[in-house]
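Visitor: Chain residues, written in single-letter form:
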Amino acid sequence: KNEVEQSPQNLTAQEGEFITINCSYSVGISALHWLQQHPGGGIVSLFMLSSGKKKHGRLIATINIQEKHSSLHITASHPRDSAVYICAVRPLTGTASKLTFGTGTRLQVTL
Amino acid sequence: DVKVTQSSRYLVKRTGEKVFLECVQDMDHENMFWYRQDPGLGLRLIYFSYDVKMKEKGDIPEGYSVSREKKERFSLILESASTNQTSMYLCASSLEGPSSYEQYFGPGTRLTVT
Chain E
1 KNEVEQSPQN LTAQEGEFIT INCSYSVGIS ALHWLQQHPG GGIVSLFMLS SGKKKHGRLI
61 ATINIQEKHS SLHITASHPR DSAVYICAVR PLTGTASKLT FGTGTRLQVT L
Chain F
112 DVKVTQSSRY LVKRTGEKVF LECVQDMDHE NMFWYRQDPG LGLRLIYFSY DVKMKEKGDI
172 PEGYSVSREK KERFSLILES ASTNQTSMYL CASSLEGPSS YEQYFGPGTR LTVT
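Protein chains in written order, with my numbering: chain E, 1 to 111; chain F, 112 to 225.
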């Protein structure tokens, strides 16, 4: 079993829909990252959080440390949001600075 | 603006060849990482370096080596390329410290070994 599980693996939505991507992890962590990867490979960091909630534009990330769960929400989705969204955690044990990654959620937003 | 660059976007090599992938970052970051990304498996850490000439094995170091002679440059070496090393290779860098810092990724190198 992976230490980081994402759901769903694939998601198709129509423009304007509210989208939720989930991430569950099984280890104690110091931080959780949400990343976005567009076709072609480049990965950008969207959020890094250790508690509560963060918002940036139409994106909202929440984390519940007790339940070991995080969600990424996209409001008023747009075709340019089509990408792979990756959850990654920094475990409390093990080598500092290393991240453990989920396998990603592929999002397709259609007109 | 942090920039991480990789020497090639696409590379095709033959089985048995020695392959060098280079990564350069311009933000004076202590940490640098090499990952490979395969469908259904996500990103897996090959090696990382926390300082010049310092390196640590990641989860899948077999068949790979690394070199970090200067702080800004981190090279991944495939001593004798094999077809199972066909993959997307991503380099990243970050600050070092007790907190978790954002990792900045390069554009990736898609390597095909024939």
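I should point out that these hints are in silico values taken from the structure, not numbers from a laboratory. What you are looking at is a predicted structure, and each value in this text was computed from that prediction instead of being measured. Quick reminder that beta carbons are idealized off the backbone N, C-alpha and C, glycines included. Some clues are possibly wrong.
Claimed, not checked - If the Cβ cut is set under 10 Å, some of the chain E residues that face chain F in the computed set are: (1) 2; (2) 4; (3) 6; (4) 19; (5) 28; (6) 42; (7) 43; (8) 45; (9) 48; (10) 58; (11) 88; (12) 101.
Visitor: Using Cβ atoms only, decide whether residue 19 of chain E comes closer than 10 Å to chain F, and label the hint accordingly.
Guide: Given a least distance of 20 Å, the restraint on residue 19 of chain E is violated.
Visitor: For the hint on residue 48 of chain E, just tell me whether its beta-carbon gets within less than 10 Å of chain F.
Guide: For residue 48 of chain E, the interface hint holds, since the closest Cβ of chain F sits about 6 Å away, which is under 10 Å.
Visitor: Hey, does the residue 45 of chain E contact hint survive, CB to chain F under 10 Å?
Guide: The hint holds - residue 45 of chain E has a Cβ within 10 Å of chain F, the shortest such distance being about 5 Å.
Visitor: Please check whether residue 43 of chain E passes as an interface residue: C-beta within 10 Å of a C-beta belonging to chain F.
Guide: With a minimum Cβ separation of about 4 Å from chain F (threshold 10 Å), the hint on residue 43 of chain E holds.
Visitor: Less than 10 Å between beta-carbons is the criterion; does residue 6 of chain E satisfy it with respect to chain F?
Guide: holds (9 Å)
Visitor: Can residue 2 of chain E be said to touch chain F, with a Cβ gap under 10 Å?
Guide: Constraint on residue 2 of chain E satisfied, holds at 8 Å.
Visitor: Min Cβ distance, residue 88 of chain E to chain F: is it shorter than 10 Å?
Guide: With a minimum Cβ separation of about 8 Å from chain F (threshold 10 Å), the hint on residue 88 of chain E holds.
Visitor: May I ask you to test the interface hint for residue 58 of chain E with respect to chain F, counting a Cβ-Cβ separation under 10 Å as satisfied?
Guide: violated (20 Å)
Visitor: Closer than 10 Å between Cβ atoms is the bar; does residue 42 of chain E clear it against chain F? Give me holds or violated.
Guide: Hint on residue 42 of chain E: holds, closest Cβ of chain F at ~5 Å, below 10 Å.
Visitor: Hint check: is the beta carbon of residue 101 of chain E less than 10 Å from a beta carbon of chain F?
Guide: holds (4 Å)
Visitor: Does residue 4 of chain E meet its interface restraint, that is, does its C-beta lie within less than 10 Å of any C-beta in chain F?
Guide: Hint on residue 4 of chain E: holds, closest Cβ of chain F at ~8 Å, below 10 Å.
Visitor: Tell me if the interface restraint on residue 28 of chain E is satisfied: Cβ within less than 10 Å of some Cβ in chain F.
Guide: Result: violated, 13 Å to nearest chain F Cβ.
Of the numbered hints given earlier, the model fails hints 4, 5 and 10; all others are met.
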